[in-house]
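Protein chains: 2
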Amino acid sequence: MSETIPRVATVAEVRRAIGEVRALGASVGMVPTMGALHEGHLSLIRAARAENDTVVVSIFVNPTQFGPNEDLKRYPRMLARDCELSQAAGADLVFCPTEEEMYPAGFATWVDVEGLTEGLCGRSRPGHFRGVCTVVTKLLNICAPDRAYFGEKDAQQLAVITRMVRDLDMPIAIVPCVTVRESDGLAMSSRNVRLTPEERAEAPALYRALTRAKELVAIGERDAAVLDRAIRDALTEAPLGEVDYVEIVSAETLAPVTAIAGTCVVALAVRFDGSGTRLIDNIRLSA
Amino acid sequence: MSETIPRVATVAEVRRAIGEVRALGASVGMVPTMGALHEGHLSLIRAARAENDTVVVSIFVNPTQFGPNEDLKRYPRMLARDCELSQAAGADLVFCPTEEEMYPAGFATWVDVEGLTEGLCGRSRPGHFRGVCTVVTKLLNICAPDRAYFGEKDAQQLAVITRMVRDLDMPIAIVPCVTVRESDGLAMSSRNVRLTPEERAEAPALYRALTRAKELVAIGERDAAVLDRAIRDALTEAPLGEVDYVEIVSAETLAPVTAIAGTCVVALAVRFDGSGTRLIDNIRLSA
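Protein chains in written order, with the working numbering: chain A, 1 to 287; chain B, 1001 to 1287.
In case anyone wonders, no lab produced these hints; they're calculated from the structure. Treat the hints with care, as some may be off.
The following label-pair restraints were derived from C-beta to C-beta distances [to be verified]:
| no. | chain 1 | residue 1 | chain 2 | residue 2 | range |
| --- | --- | --- | --- | --- | --- |
| 1 | A | 250 | B | 1197 | 28 to 38 Å |
| 2 | A | 222 | B | 1053 | 30 to 40 Å |
| 3 | A | 73 | B | 1022 | 36 to 46 Å |
| 4 | A | 105 | B | 1225 | 44 to 54 Å |
| 5 | A | 68 | B | 1006 | 48 to 58 Å |
| 6 | B | 1063 | A | 127 | 24 to 34 Å |
| 7 | B | 1074 | A | 118 | 31 to 41 Å |
| 8 | B | 1027 | A | 214 | 46 to 56 Å |
| 9 | A | 118 | B | 1004 | 43 to 53 Å |
| 10 | A | 222 | B | 1022 | 47 to 57 Å |
| 11 | A | 229 | B | 1106 | 24 to 34 Å |
No experiment lies behind these values; they were computed from the predicted model shown. Beta carbons: idealized from backbone N, C-alpha and C, even for Gly.
Kindly generate the complete structure, drawing on both the sequences and the hints.
As C-alpha cells, then:
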C-alpha cells in the first residue's frame, strides 16, 4: 500500500508543514505550477528533488494572469492525477489553495515588472505578467523556498521572475530548466492536449522554425531581419496557425535586436484558432 | 569608552549579521525609517526593543516615494546622530544602504496597493505609495524581521503596508505605534524643523482641529459634513497654512464616510508654503 503525498490547501497548513522540516535544518525547493502536469513540470520537480531536502509543488490555476477573453475556464484541471505525478517525480508536499485562499475579499496588492513585460507575450496579454508576478511573489512568500524552478519554455516569464526576485531582494535562487519536448520537437505544454489532430500535426513547425534560425546563425547569419523572414517562412508549414509574434531579443533585457550579438532569444507565439489554443516556444542563440 | 552601534550599508552585510543572530534563535524587530530621527521614531525602536531579541533600524531616504516637485533633496540627513539615537533607544544594528544598493541599474519592479492609496495623501502625491510599498517590501525581504514597527501618524501608510503584507503573504507582523506629540500637540515629524518660527507657532492648530472633531463626536455629533466644517474652521487658526485635504474615512478601507460609525480616521494635510513644508496628522474616532 503506497502512501499518498500530503496535500494542503491553506497558507497556514503549508507554512506549518514547511516550518517543521525547516526546524530540522532541511533545505526547500519549490515548483510553482498551474497543474495539468506534463514532462516539462516533472523535469522541474526532479531537478528540485536532486538539489533540496524537501520539495513543494504548488498547483493553482491563477485567475489573475488570464485575460477576460482567455482560457481560464477551459484550463485543464486534474488534481488527483497531478498529485500522483508530483509524488512519483519526487515531491514531498502539494500546496493546492483555493482562489479565496489566495485572493481573499479586499485583495488590492499587485507586483509589476516594467520593460521586460512589454514585448513578446506582454503585448498580446495585457496584465498577464502582473498576475504572474503577484501570484509568484505570494507563493514564494508563503513557502519561503531556498530555490524555485521555472522552465525556459516560458522565456519571458523566467526573465521577469528572475528580475523581480532580484529587484525585491527575495532570498531565493531562481533555477532555470531546459524546455522538454515531444519526440517531434513540440515543446511540452498543458495546452497541447487541446489542439485538434490537424493542429497537432502542424504544431512541430514552431520548433522547426526556431531550429532553422539556429542553423542560419551557425553558418554565420547575424541579421535579425533575415532570421525573422526565415522563421516566418518556416511557419507557413503550419497554415492552421496564425503568427502572434516572432521576436529576436536580448536574453537579458528582452529588448529587440537588429543583429545577433551575445546571447539572444528567438521567441514566437502562434494561435491555432480552430481549437482556440495559443502556443509559445523559444530558442537561445549565441553569436 | 562606549562601543558604537554596528552600521552596515549592503544587503549582503545586513543579511549576514541578521543570519548570525537568527542562527542563535533570536527574534528580530525592524524599524524602517528615513532618518532624521525624532521621539516618534525612538518610540518605535523602544517598542521593538521590548518585544524582540534583536532590533534593526533602517535609515534610507527613499527617492522613489518623492514626487518630482517634492523635498527629496532638502530632506534632512544626519546619519551619525541618528545612529547614536538608535543605539540609545535600544537598536542593535543600523542598515543604511546607498541608493545604488537599493535601486541598482535595471531596477524595474514595483509594488502597488490599489484603492487604499487613492485618497488622502495619495491624491496629492501620485506615485508616493508605490515608492513606499516597493521600498518596504525590499527592506522586509532583506531583513526578514518577525515584527516591523510603523507610526499611526502616517495613518494611510500604516493601512497600506498592513494590507500589502497581508495580501502578499509576508510572514511579518506589522505593529502600529501611537503618534508621539510635542507638548503643544504638534505631531512629531522630521519636517517640523523646517517650519519658520511663525509657521511653527501656528502648526499646533492641526491637532487642535482634530481634537475639536473628537470632542464633537463625544457629545453625539455623527455627521461627517458637520465635523469637516468644524475642522476647517479650527484650521483658520493657522492662516499661514493651506489645507491640502481634510477627510473622514473608514479606518479599515480609508473610504470616505458620511457619518461616524465603527472606527473612523479623521486625517488632514496642511501646506505651509513659506517654508515649503507639508504636515499631516490624524486622529481615530469611534462612535
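Comparing the hints with the structure gives:
In this structure the supplied range 28 to 38 Å is violated for residue 250/A paired with residue 1197/B, their Cβ-Cβ distance being about 57 Å. Take residue 222/A and residue 1053/B: their Cβ atoms lie about 59 Å apart, and the range 30 to 40 Å is violated. As the Cβ distance of residue 73/A to residue 1022/B is approximately 44 Å, the hint placing it in 36 to 46 Å holds. In this structure, residue 105/A and residue 1225/B break the distance hint of 44 to 54 Å, their C-beta atoms being roughly 29 Å apart.
About 52 Å separates the C-beta atoms of residue 68/A and residue 1006/B, a value consistent with the hinted range of 48 to 58 Å. At about 28 Å, the CB distance of residue 1063/B to residue 127/A agrees with the hint of 24 to 34 Å. Roughly 35 Å separates the CB atoms of residue 1074/B and residue 118/A, a value that falls within the hinted 31 to 41 Å. For residue 1027/B and residue 214/A, the Cβ-Cβ distance of about 54 Å falls inside the hinted range of 46 to 56 Å, so the restraint holds.
At roughly 47 Å, the beta-carbon separation of residue 118/A and residue 1004/B lies within the given 43 to 53 Å, and the hint holds. A hinted range of 47 to 57 Å for the beta carbons of residue 222/A and residue 1022/B is consistent with their spacing of about 51 Å. Range check, residue 229/A to residue 1106/B: about 31 Å between beta-carbon atoms, so the 24 to 34 Å window is met.
Checked against the numbered hints above, the structure violates hints 1, 2, 4; every other hint is satisfied.
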